[in-house]
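Okay, here's what each chain looks like letter by letter:
Protein chains: 2
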Amino acid sequence: MKEKLSNRIKNIQGNSVRKIFSLLTKPEIISFAGGFPTKKTLPLETIKTLANQVLSSSNAHDVLQYGPSEGYVPLKNEIFKFLDKYKAIKDLSLKNMLVISGGQQGIDFMCKCFINPGDIVLVEDPTYLAALQIMKTYEGIPVGVASNEDGLDIVDLEEKIKMYKPKFLYCVPTFSNPSGKSYSLENRKKIIEVINKYELHILEDDPYSLINYSGNMIETLKSLDSKDLVVYITSFSKIIAPSLRCGALVASEELVERFGVAKQTTDVQTSTISQAIVCEFLKNDILENHLDYIIPIYKEKKDKMIEAIKKYMPQGFNFINPEGGLFIWGEFDKGLNINTREHFEKVVTLDVVYLPGDDFYASQGFTNAMRLNFSNASLEEIEKGIKIIGQYFTDVVKNKEN
Amino acid sequence: MKEKLSNRIKNIQGNSVRKIFSLLTKPEIISFAGGFPTKKTLPLETIKTLANQVLSSSNAHDVLQYGPSEGYVPLKNEIFKFLDKYKAIKDLSLKNMLVISGGQQGIDFMCKCFINPGDIVLVEDPTYLAALQIMKTYEGIPVGVASNEDGLDIVDLEEKIKMYKPKFLYCVPTFSNPSGKSYSLENRKKIIEVINKYELHILEDDPYSLINYSGNMIETLKSLDSKDLVVYITSFSKIIAPSLRCGALVASEELVERFGVAKQTTDVQTSTISQAIVCEFLKNDILENHLDYIIPIYKEKKDKMIEAIKKYMPQGFNFINPEGGLFIWGEFDKGLNINTREHFEKVVTLDVVYLPGDDFYASQGFTNAMRLNFSNASLEEIEKGIKIIGQYFTDVVKNKEN
Chain A
16 MKEKLSNRIK
26 NIQGNSVRKI
36 FSLLTKPEII
46 SFAGGFPTKK
56 TLPLETIKTL
66 ANQVLSSSNA
76 HDVLQYGPSE
86 GYVPLKNEIF
96 KFLDKYKAIK
106 DLSLKNMLVI
116 SGGQQGIDFM
126 CKCFINPGDI
136 VLVEDPTYLA
146 ALQIMKTYEG
156 IPVGVASNED
166 GLDIVDLEEK
176 IKMYKPKFLY
186 CVPTFSNPSG
196 KSYSLENRKK
206 IIEVINKYEL
216 HILEDDPYSL
226 INYSGNMIET
236 LKSLDSKDLV
246 VYITSFSKII
256 APSLRCGALV
266 ASEELVERFG
276 VAKQTTDVQT
286 STISQAIVCE
296 FLKNDILENH
306 LDYIIPIYKE
316 KKDKMIEAIK
326 KYMPQGFNFI
336 NPEGGLFIWG
346 EFDKGLNINT
356 REHFEKVVTL
366 DVVYLPGDDF
376 YASQGFTNAM
386 RLNFSNASLE
396 EIEKGIKIIG
406 QYFTDVVKNK
416 EN
Chain B
16 MKEKLSNRIK
26 NIQGNSVRKI
36 FSLLTKPEII
46 SFAGGFPTKK
56 TLPLETIKTL
66 ANQVLSSSNA
76 HDVLQYGPSE
86 GYVPLKNEIF
96 KFLDKYKAIK
106 DLSLKNMLVI
116 SGGQQGIDFM
126 CKCFINPGDI
136 VLVEDPTYLA
146 ALQIMKTYEG
156 IPVGVASNED
166 GLDIVDLEEK
176 IKMYKPKFLY
186 CVPTFSNPSG
196 KSYSLENRKK
206 IIEVINKYEL
216 HILEDDPYSL
226 INYSGNMIET
236 LKSLDSKDLV
246 VYITSFSKII
256 APSLRCGALV
266 ASEELVERFG
276 VAKQTTDVQT
286 STISQAIVCE
296 FLKNDILENH
306 LDYIIPIYKE
316 KKDKMIEAIK
326 KYMPQGFNFI
336 NPEGGLFIWG
346 EFDKGLNINT
356 REHFEKVVTL
366 DVVYLPGDDF
376 YASQGFTNAM
386 RLNFSNASLE
396 EIEKGIKIIG
406 QYFTDVVKNK
416 EN
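First to last, the protein sequences are chains A and B. Residue 16 is where the first sequence starts when you use our numbering, and the numbers rise one by one after that. Residue 16 is where the second sequence starts when you use our numbering, and the numbers rise one by one after that.
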């Protein structure tokens, strides 16, 4: 059988996050593994009202019929206002935008349209693990660019562009998955300078920037893009609901036309019911009020996890306190020689799940890190779960010292 | 720019059906081009009720949250009963099924998981044009198998298997798009014999079989499949609503596991709202009653179009009167030397649109055919539109005779 499968799929591993889900059937397990919104941030009543409204409107039949592959035009018009208001992305035409079935479909289309087997794609190291996996389904080779507190290491970026002649650069510049970091404005400007110099495309993945705890807005790379080299994707999964599978891709007309062909040949179009619900959600301050409701909930969880990490994790566990997003990234001092993958299954037996960090690296393969999600667990579970992980690794460190 | 794009996408043309949609902005145009359900067959009130119900249930939050990539388990259980009742496909486990975002995503996954650049795929000639296009996005080469009144030409099929060593055979055996034909049971059994002999996989695309005007049920290839070589896809687009983007794929556990990786790396999962609505629709005879309502509507349209074709089309236009589905396929006698593509734009100026047949061929490239869809236009529009096409081509034939 296997010899009949295509090269692109036969050796790809399933996503390790999705695999871990199968461990989570025991109800007592505390999971810091996924990136799930917590139940009470899901706007059930609003969506129920909006679903009823769009299915009662005078054009309700259109909501059930086939629609344009490029997206439901009333939604695209609302997304223009949304991008202008929240992301400083302006002056778009309908031909600059494709509605996608979740942000991940945008990564898939970028890889499908750019990567030939053996092509290099630059990524921040560490980066979103599903992006690495998608690149491999097109037989692309992700190569990591070093990063620092400001964002990407610009010297390393330029060297790797010269060395590898990559097809594009993929990054999550705002409240990154997994690191929670944001690139500084200065760093963003330098990235744009470098890509302009080499005419390199960027795929800017921006699902988290509205989950913002400091309130400091940072310009998207797309808003700084003068040569139409940035392909920008955003998603409504984290700020409305994941199951709607709705997001947007913004790029040059020429590229959107190609991505439109990719859309036609996969799922034809995104569910119009989802698109119409998101369209209404973006109107009349519903989104703004919803963000005002959910951000303090996530901030409280994040603060609780930071407090618990400080209280329970051993010396030598270094973590980033993020200004937004859903994740805390921590690394054990290399000298401690702790491999989070090796300890993973033992910690699962204690009914807590973290995500080993090694899957997030394209190049470096560091095994001393973990990603902790705080958006799904309750405050009590965060305290309890981090205490268990903290005590476990405190013992590991002690045993190494002895 | 173009030199940066991948080989798989840079030269692919947009789907000609989707391109024709842009011609349809004039409200007076009568379109026989698409495969749209007619407005009154879209179950708006039922879907509104079911949407409200699934968003009011005790597990309503699950309907908004991330779910399994393989599909919403309650829906999969309902689809098992549906496949048993309507398609004679039995004894499936959860691991044999993947929920897909419309039938087309199943074609995409099959191509993604099987085709390496240069690989051959066998198809009936003519076949569904989007399938040909999808094969090309993976740099596969579709090769046509001849067909006759019974179905596939078994001799030609076997010869082409030996000659080309194809990766799989794609076909729409029941009420085919574009031809409207169904393969006989005898022909289906012979196809299974041949594929068993050569251990060739089949992709059986079955979106139309419940739009059945004769009531004669024919076994699916999947129900005759003893060696798990058939990958079966069906869709709820034509029998519930296209915009839900919901269908199902059935295959061996081993293949479903690989298709699941394809699903994870594209749209992660199908909209759970859509899945939950379809799940309720399949329960409690809602679907059965809905089919009892829509089939006579489509049959009346089909009969009207057949009647109009007999009345208005010139001698030498040979057509298939289908027992199901949404399309009538017609071919002008080759001796008339009529190229339907060349006349297309002139007929559009008369405010009627048909689909030229040449796009549906993998190999033969015949230009004397057209596909006529009857599901979307009203009875009056069918009469009026076929009259216009008929008079136009009657003149064409007359002018050739002079």
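The hints are simulated quantities; they were obtained by calculation from the structure and are not laboratory data. It should be emphasised that the depicted structure is a prediction, and the values quoted were computed from it without experimental measurement. Check each hint, because a few of them may be wrong.
[Said to hold, decoys possible] Computed spacing ranges between beta-carbons, pair by pair: (1) B:Q406 / A:K96: 48 to 54 Å; (2) A:K55 / B:T64: 41 to 47 Å; (3) A:K25 / B:K298: 47 to 53 Å; (4) A:E214 / B:V170: 50 to 56 Å; (5) B:K298 / A:K105: 44 to 50 Å; (6) A:K212 / B:E18: 43 to 49 Å.
[Unchecked claim] BS3-like, lysine-lysine: derived pairs with alpha carbons at most 30 Å apart: (7) B:K314 / A:K25; (8) B:K55 / B:K17; (9) B:K17 / B:K41; (10) A:K63 / B:K298; (11) B:K175 / A:K105.
Just so you know, even glycine gets a beta-carbon here, dropped at the ideal spot from N, CA and C.
Taking the hints in turn, this is what the structure says about them:
1. B:Q406 / A:K96: 48 to 54 Å: 49 Å, holds
2. A:K55 / B:T64: 41 to 47 Å: 27 Å, violated
3. A:K25 / B:K298: 47 to 53 Å: Because 38 Å falls outside the window, the suggested range is violated.
4. A:E214 / B:V170: 50 to 56 Å: 55 Å, holds
5. B:K298 / A:K105: 44 to 50 Å: Holds - the Cβ-Cβ distance for K298 of chain B and K105 of chain A, about 48 Å, lies within 44 to 50 Å.
6. A:K212 / B:E18: 43 to 49 Å: Violated - the Cβ-Cβ distance for K212 of chain A and E18 of chain B, about 18 Å, lies outside 43 to 49 Å.
7. B:K314 / A:K25: 45 Å, violated
8. B:K55 / B:K17: 44 Å, violated
9. B:K17 / B:K41: Violated, because 33 Å separates the two Cα atoms, which is more than 30 Å.
10. A:K63 / B:K298: Answer holds: K63 of chain A to K298 of chain B is near 21 Å, not above 30 Å.
11. B:K175 / A:K105: Outside the cut-off at roughly 55 Å; violated.
Hint check: violations occur at hints 2, 3, 6, 7, 8, 9, 11; the rest are consistent with the structure.
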